[in-house]
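Chain by chain, the residues run as shown.
Number of protein chains: 2
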Amino acid sequence: MPMAEYVRVVEVGPRDGLQNEARQVPAAVKIELIERLGRAGLRTIEATSFVSPKWVPQMADAAEVLAGLQRAPGVSYPVLVPNLQGLERARQAGVTDEIAVFTAASDAFNRRNINASVDESLERLAPVVAQALAAGLRVRCYVSTALGCPYQGAVPLDEVVRVTRAVADMGCYEISLGDTVGVGTARAAREMYRACADAVGHERLAVHFHDTYGQALANVYACLEAGARVVDASVGGLGGCPYAQGASGNLATEDLVYMLHGLGCSTGIDLDALVDTAQWISGVLERPPASRLARARAR
Amino acid sequence: MPMAEYVRVVEVGPRDGLQNEARQVPAAVKIELIERLGRAGLRTIEATSFVSPKWVPQMADAAEVLAGLQRAPGVSYPVLVPNLQGLERARQAGVTDEIAVFTAASDAFNRRNINASVDESLERLAPVVAQALAAGLRVRCYVSTALGCPYQGAVPLDEVVRVTRAVADMGCYEISLGDTVGVGTARAAREMYRACADAVGHERLAVHFHDTYGQALANVYACLEAGARVVDASVGGLGGCPYAQGASGNLATEDLVYMLHGLGCSTGIDLDALVDTAQWISGVLERPPASRLARARAR
Numbered sequence: 001m002p003m004a005e006y007v008r009v010v011e012v013g014p015r016d017g018l019q020n021e022a023r024q025v026p027a028a029v030k031i032e033l034i035e036r037l038g039r040a041g042l043r044t045i046e047a048t049s050f051v052s053p054k055w056v057p058q059m060a061d062a063a064e065v066l067a068g069l070q071r072a073p074g075v076s077y078p079v080l081v082p083n084l085q086g087l088e089r090a091r092q093a094g095v096t097d098e099i100a101v102f103t104a105a106s107d108a109f110n111r112r113n114i115n116a117s118v119d120e121s122l123e124r125l126a127p128v129v130a131q132a133l134a135a136g137l138r139v140r141c142y143v144s145t146a147l148g149c150p151y152q153g154a155v156p157l158d159e160v161v162r163v164t165r166a167v168a169d170m171g172c173y174e175i176s177l178g179d180t181v182g183v184g185t186a187r188a189a190r191e192m193y194r195a196c197a198d199a200v201g202h203e204r205l206a207v208h209f210h211d212t213y214g215q216a217l218a219n220v221y222a223c224l225e226a227g228a229r230v231v232d233a234s235v236g237g238l239g240g241c242p243y244a245q246g247a248s249g250n251l252a253t254e255d256l257v258y259m260l261h262g263l264g265c266s267t268g269i270d271l272d273a274l275v276d277t278a279q280w281i282s283g284v285l286e287r288p289p290a291s292r293l294a295r296a297r298a299r
Numbered sequence: 001m002p003m004a005e006y007v008r009v010v011e012v013g014p015r016d017g018l019q020n021e022a023r024q025v026p027a028a029v030k031i032e033l034i035e036r037l038g039r040a041g042l043r044t045i046e047a048t049s050f051v052s053p054k055w056v057p058q059m060a061d062a063a064e065v066l067a068g069l070q071r072a073p074g075v076s077y078p079v080l081v082p083n084l085q086g087l088e089r090a091r092q093a094g095v096t097d098e099i100a101v102f103t104a105a106s107d108a109f110n111r112r113n114i115n116a117s118v119d120e121s122l123e124r125l126a127p128v129v130a131q132a133l134a135a136g137l138r139v140r141c142y143v144s145t146a147l148g149c150p151y152q153g154a155v156p157l158d159e160v161v162r163v164t165r166a167v168a169d170m171g172c173y174e175i176s177l178g179d180t181v182g183v184g185t186a187r188a189a190r191e192m193y194r195a196c197a198d199a200v201g202h203e204r205l206a207v208h209f210h211d212t213y214g215q216a217l218a219n220v221y222a223c224l225e226a227g228a229r230v231v232d233a234s235v236g237g238l239g240g241c242p243y244a245q246g247a248s249g250n251l252a253t254e255d256l257v258y259m260l261h262g263l264g265c266s267t268g269i270d271l272d273a274l275v276d277t278a279q280w281i282s283g284v285l286e287r288p289p290a291s292r293l294a295r296a297r298a299r
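Chains as they are written, first to last, in the UniProt record's numbering: chain A, 1 to 299; chain B, 1 to 299.
It is worth saying that the hints were derived from the structure and are not from the lab. One or more of the hints may lead you astray.
[Said to hold, decoys possible] Here are the in silico distance ranges between beta carbons for each label pair:
{"hint": "1", "chain 1": "B", "residue 1": "P73", "chain 2": "A", "residue 2": "R165", "range": "48 to 58 Å"}
{"hint": "2", "chain 1": "B", "residue 1": "A195", "chain 2": "A", "residue 2": "R165", "range": "52 to 62 Å"}
{"hint": "3", "chain 1": "B", "residue 1": "G264", "chain 2": "A", "residue 2": "E123", "range": "31 to 41 Å"}
{"hint": "4", "chain 1": "B", "residue 1": "D270", "chain 2": "A", "residue 2": "D158", "range": "28 to 38 Å"}
{"hint": "5", "chain 1": "A", "residue 1": "A22", "chain 2": "B", "residue 2": "G74", "range": "43 to 53 Å"}
{"hint": "6", "chain 1": "B", "residue 1": "A298", "chain 2": "A", "residue 2": "Q85", "range": "30 to 40 Å"}
{"hint": "7", "chain 1": "A", "residue 1": "D272", "chain 2": "B", "residue 2": "A130", "range": "40 to 50 Å"}
{"hint": "8", "chain 1": "B", "residue 1": "Y151", "chain 2": "A", "residue 2": "G283", "range": "23 to 33 Å"}
{"hint": "9", "chain 1": "B", "residue 1": "A195", "chain 2": "A", "residue 2": "D97", "range": "44 to 54 Å"}
{"hint": "10", "chain 1": "A", "residue 1": "G283", "chain 2": "B", "residue 2": "G268", "range": "40 to 50 Å"}
{"hint": "11", "chain 1": "B", "residue 1": "A154", "chain 2": "A", "residue 2": "A126", "range": "48 to 58 Å"}
{"hint": "12", "chain 1": "A", "residue 1": "R39", "chain 2": "B", "residue 2": "W55", "range": "25 to 35 Å"}
[Claimed, not checked] One side of the interface only, derived from the structure: several residues of chain B facing chain A at Cβ under 10 Å:
{"hint": "13", "residue": "Q152"}
{"hint": "14", "residue": "V183"}
{"hint": "15", "residue": "V220"}
{"hint": "16", "residue": "Y221"}
{"hint": "17", "residue": "L224"}
{"hint": "18", "residue": "A252"}
[Stated by the list, open to error] Stretches of chain A that chain B covers, calculated by requiring three or more beta carbons in the stretch to come under 8 Å of a beta carbon on chain B:
{"hint": "19", "stretch": "20 to 30"}
{"hint": "20", "stretch": "129 to 136"}
{"hint": "21", "stretch": "194 to 200"}
{"hint": "22", "stretch": "262 to 272"}
Yeah, the Cβ is synthetic: ideal placement off N, Cα and C, and Gly gets one too.
Isolated chain A, as found in the complex (with noise of 0.2 Å):
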């Protein structure tokens, strides 16, 4: 499998990155953070989250956000929305392009996280996916737990292709397939990551791997030989802080594309603002950034 020629990196760092910080984030930060990364040439960026702001506080501002983005040209922007009511509040919020639905691979995992099996969590899924796609929204689908589960501890494999398929079947265009607690390594991701190709096709996937155990950029690019297209990542590794106590271990955006450039892909990604977008957040922040590059260029 020759590796893509251009990969498309999904910036998830002002949702999937700041709910995961301990500081809450203004709306106004997070809105000139969502379009410093649209100049900086990303072109999904997930803007926030229409989780109960009762269980994810940090994302109570996601009506704000939105109405007060400017949209950049050609940029999608979606939001994580986990049922009908959140579809809902987003509708209502103006979204009219993308949302993101989200289910684990593993049961476990669904349980503690949304009282369900992953069978009931699936069924829960398919009205949300219906009533977005009949509404004209496209549906990004994260499945997580895809190499292995915090509390169930191994996953099988056949798990998550039968979810990833169930997901594409309902009409999502892309399935976002990740390891949740960062405990994978290279080769499984690969065996994975084509279990799922095979089941649905590279143009329906992505990869989506958490830096916990420092193996999050091997892991990609195992998958990129491996054929994969899309990959998930944080500006300035936000959710991701090493010294965080519950810290997701997201992947740095800006460590991501300075080896998709090496490695001869293009991305459309301008580094050095991405890498002045990753220093400018981690200062408001009051933090260092995350990412190797930023601190290194820092230096």
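Following the hints, position chain B against chain A.
Using the frame of chain A, we list chain B on its own:
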């Protein structure tokens, strides 16, 4: 090329790591570090350096460290030797098994580092290697700037291969190809490794990547796929504290071993004992370990 079933990890923390740490470390701590690494299963542990104490005061206690060391059976303890005087000091200190020498593939780097061109550096190296071999010592050689030079930028692949072949011809049993500035990415790393393996054989090579730009593990993985069997790393990422000025960004041994075991490669290393060692030495240095693994385990 099938991936190696057994990968030998060469531990460089006590020398390459501690030499680049701001804090001066007592000989007793160095000795304990080396002994802990041996108990964790490392079979090649670079112990110290006989570079002039005028230039590298951190290693002025080289003889004391060697004298105090309780050697484990089956473990090799190479010491770095820059020239004939260093070799003489090493032999006086009782080194009877192995030394390590170094050069760079870049003229500009050699001129800044040892005031010699690449060819002059090789001329100076030849009698050191010859005398060491005559004394029954094995010789390992570092070839640095194999993927780029901080002073001249690009380093021609032909030069890397030429230098590698030259030191192999001198009789070095292993040549460690180093991306000194950490600028290389996976494809370039693999191509460089392959070209050198074509010249001298896989059994004569090791790879030595720095994590300055976060690429080390992806680069290692790419080289393993190309047949690499020996990888250098530094426990706790010693020498590469992410917030230190001038950090070399050494790849952390425990992050490497985690990946190797995940890939199904055996190493003979007890990962838990290794992480314990990383946390212990980081505590002595009063800084967080620079490895993702040790930080994740600490949470």
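Structure-based check of all given hints:
1. P73(B) to R165(A): 48 to 58 Å: Given about 54 Å between the Cβ atoms, the range holds.
2. A195(B) to R165(A): 52 to 62 Å: 42 Å, violated
3. G264(B) to E123(A): 31 to 41 Å: Since G264(B) and E123(A) have Cβ atoms about 37 Å apart, the given range 31 to 41 Å holds.
4. D270(B) to D158(A): 28 to 38 Å: Since the Cβ atoms of D270(B) and D158(A) sit about 32 Å apart, the hinted range of 28 to 38 Å holds.
5. A22(A) to G74(B): 43 to 53 Å: 47 Å, holds
6. A298(B) to Q85(A): 30 to 40 Å: 39 Å, holds
7. D272(A) to A130(B): 40 to 50 Å: 48 Å, holds
8. Y151(B) to G283(A): 23 to 33 Å: 31 Å, holds
9. A195(B) to D97(A): 44 to 54 Å: 47 Å, holds
10. G283(A) to G268(B): 40 to 50 Å: 45 Å, holds
11. A154(B) to A126(A): 48 to 58 Å: Given a distance of about 54 Å, which is inside 48 to 58 Å, the answer is holds.
12. R39(A) to W55(B): 25 to 35 Å: 47 Å, violated
13. Q152: Where the cut-off is 10 Å and the nearest Cβ of chain A is about 18 Å from Q152(B), the hint is violated.
14. V183: 8 Å, holds
15. V220: Cβ of V220(B) sits 7 Å from chain A, so the hint holds.
16. Y221: 4 Å, holds
17. L224: 9 Å, holds
18. A252: At about 7 Å, which falls below the 10 Å cut-off, the nearest Cβ of chain A leaves the hint on A252(B) intact, so it holds.
19. 20 to 30: As far as the stretch 20 to 30 of chain A goes, the hint is violated, because 0 residues have Cβ atoms under 8 Å from chain B.
20. 129 to 136: violated (count 0)
21. 194 to 200: n = 0 at 8 Å, threshold three: violated.
22. 262 to 272: holds (count 3)
Violated hints for the displayed structure, listed by number in ascending order: 2, 12, 13, 19, 20 and 21.
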